[in-house]
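Engineer: Below are the chains, spelled out letter by letter.
4 protein chains.
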Amino acid sequence: MAKDEGDLASNYQGAFDGHLPFGQRPALLIVDFVMAYLDPASPLYAGVEDALASNERLLAAARAASVPVLFTNVEYAPGGADGGVFYRKVPALKAFDRGSPLGAFPPSLTPRDGELVVTKQYASAFFGTTLASTLTALDVDTVLITGLSTSGCVRATALDACQHGFLPFVVREACGDRHQAPHEANLFDLQAKYAEVIAEDQAIARLAALG
Amino acid sequence: MAKDEGDLASNYQGAFDGHLPFGQRPALLIVDFVMAYLDPASPLYAGVEDALASNERLLAAARAASVPVLFTNVEYAPGGADGGVFYRKVPALKAFDRGSPLGAFPPSLTPRDGELVVTKQYASAFFGTTLASTLTALDVDTVLITGLSTSGCVRATALDACQHGFLPFVVREACGDRHQAPHEANLFDLQAKYAEVIAEDQAIARLAALG
Amino acid sequence: MAKDEGDLASNYQGAFDGHLPFGQRPALLIVDFVMAYLDPASPLYAGVEDALASNERLLAAARAASVPVLFTNVEYAPGGADGGVFYRKVPALKAFDRGSPLGAFPPSLTPRDGELVVTKQYASAFFGTTLASTLTALDVDTVLITGLSTSGCVRATALDACQHGFLPFVVREACGDRHQAPHEANLFDLQAKYAEVIAEDQAIARLAALG
Amino acid sequence: MAKDEGDLASNYQGAFDGHLPFGQRPALLIVDFVMAYLDPASPLYAGVEDALASNERLLAAARAASVPVLFTNVEYAPGGADGGVFYRKVPALKAFDRGSPLGAFPPSLTPRDGELVVTKQYASAFFGTTLASTLTALDVDTVLITGLSTSGCVRATALDACQHGFLPFVVREACGDRHQAPHEANLFDLQAKYAEVIAEDQAIARLAALG
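Residue numbers (the numbering used here), protein chains in the order written: chain A, 1 to 211; chain B, 1 to 211; chain C, 1 to 211; chain D, 1 to 211.
If we strip away everything but chain A, and leave its shape as in the complex, we get (with noise of 0.2 Å):
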């Protein structure tokens, strides 16, 4: 492309620039934020320490405005059958094998009883779950998005939320990556075109708006 593109905020301008008001019944949804990418020693390691306690204060926020939480982890069969073509793209997956202890929430992020978890094996939080089906059988409008990674499971998740119906707000620090660059390079994507990345304190005033 041999184009005076010009800088990316003013090209998007115009084009890519809208917004979506935050619903009235909104959920939370803490994607993918377990041991794998928490754990120095593993391959999926993130370095992610921010993003957790910023989770930390939402799930805290959500938990007192009595939001519905929803956690994802991931979970392949012994040799990722279920994992099909993703699982085969991706060799660190076999982090998630079943029963592997990467896979599981810190001690911080842990589901209470009454909070759902959704087990998946692709990107998307919505795809091959029963997700949509939940949220609007909860009858949920909004969702915040906040886990891991920004350029993989959160992205994918904020775009099918944004296909199936939901108002998805992504909360920038309670989303993290292993690189900056993708992080920010997702989060910018996100804002564009298909959902409104917010800051930890609008989302926490949010909820504290519901009470």
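Bear in mind the hints are in silico, worked out from the structure with no lab data behind them. Zero decoy hints are in this set.
Which copy? The list can't say, so a pair holds if one copy fits it or any two copies do.
The calculated SDA-like cross-link candidates involving lysine to any residue, where the alpha carbons are at most 25 Å apart (straight line), are: (1) Lys94 / Ser42; (2) Lys94 / Val117; (3) Lys94 / Glu5; (4) Lys94 / Leu116.
Here the structure of chain A is known, so what remains is to put chains B, C and D in place on it, guided by the hints.
Structural biologist: Here is chains B, C and D on its own, set in the frame of chain A:
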């Protein structure tokens, strides 16, 4: 993220450097190559004339190899009720209201009799369409993906191809975007996580080898 | 099965006699009420004139109540490549090849401006369409389902409404089939497992109560 | 419907008497053959001992032919939040709350290492699961479907197999239901519209021929 993440390529090494094989029964899927991105007067104009030429060559090669060819386009009911949250988020999607000339294929990428057009409302060509069923019923195992835009519908489609169990091969020169930065960032993510990003001449060699 | 199964109603008692509540935000979904089933010369002619009259009354009631109204139809590319296995199985689906007059709506059940047509290729109105996304984005929680045929697209659609998290209410007199036996057998299964089968006057009372 | 519809078989002739070919790469899919239907104390007990014996023979034949074997079961989070509208409609589904012994496979139909279990929450084994992706990634084109119950999960699964582009072959003796009437009515609908209903010995001959 205050961490020593190093350069991107070496950071991803060992975790996200897997590869997928090219299958036995490919199809060519040309995503949203329509006038909205080619007409300089369109809000979605992307300056993708080089990608157009690349698609013309790939289309000729696929037809010569008698490989199934599928095109996608986008079309909304007046007012966009069938576009849901996506249509609300991206006002520029009005370009695809039914009857808009911006939704038309360019003369050189027009489907022939027997070549299927998949009409979609969302980013992924698999979402809310019968594309996966069609590919399965056609016994396709590999999808050569081209089109517009890299950071939008191409990425969403390649992600979903992987999730649905097809081997996605994205042709670099045959994709395009309105700005180089998201174009490159998304090809990087696709290669790392969901697909093989290959050069046009590799794709043409694959098609020629089927004869 | 050589067992003492008793009569059907008492056999199902206690296991399959649950009920669903009518929700707050219904939509009317008229499935495949097109000329293929109304034209005596069509291979799919079903003799459903009574159901047509019932749909006319329900449509008027839904419009009077300002409830969203959606229609489905069926359309295939020439040759049916987008109909996959279903089109191979049922040769009569050729009636829905693009451009066939059998695919048209009857004058009295024709969508008005602002009423959505969901074009589908398979039995379920949710399969390979954006219907679920549209209903979610419209904030619908309950779907009044009518149309043709009871044992085919109506049942498949009601099943999928339930699976997607919507409350399905099937209107008995507004559905029809080419033979009474599968009509009744499928209404029985739907009431037992997935939906509430209600009478037309109940449906009209529900709509009137919204005003 | 006051019409001269004649007997059912002749009424359907010419419209719904098409056939599908058996493909090249079958899999055996055993739907929900779990203790809830086999334990006389269960509210879902169905008296399907003959179908159990038929599945044992089919399973042995599939293993001998090295055909992929997949089992489904049903499991809900406590309270059934992941069961949505379906769980509200059918109180008997409480039998599948996580940890219930009624959700277990009988000893003679227990998956071996390398045989996949697809855990589902809804009627169709394809709905909200990665089954379609798995079958595609395994290069399967034909699904031999057996299990429980004919009028519930078997029919929903066979319908979805057809919709997803797989050739569905339902094995008559290997399916069962709590009452003969819906069993027969649903096999009739399946044969007419979505699948081939075959006898056990035909299925076993197909498997033997692959050797």
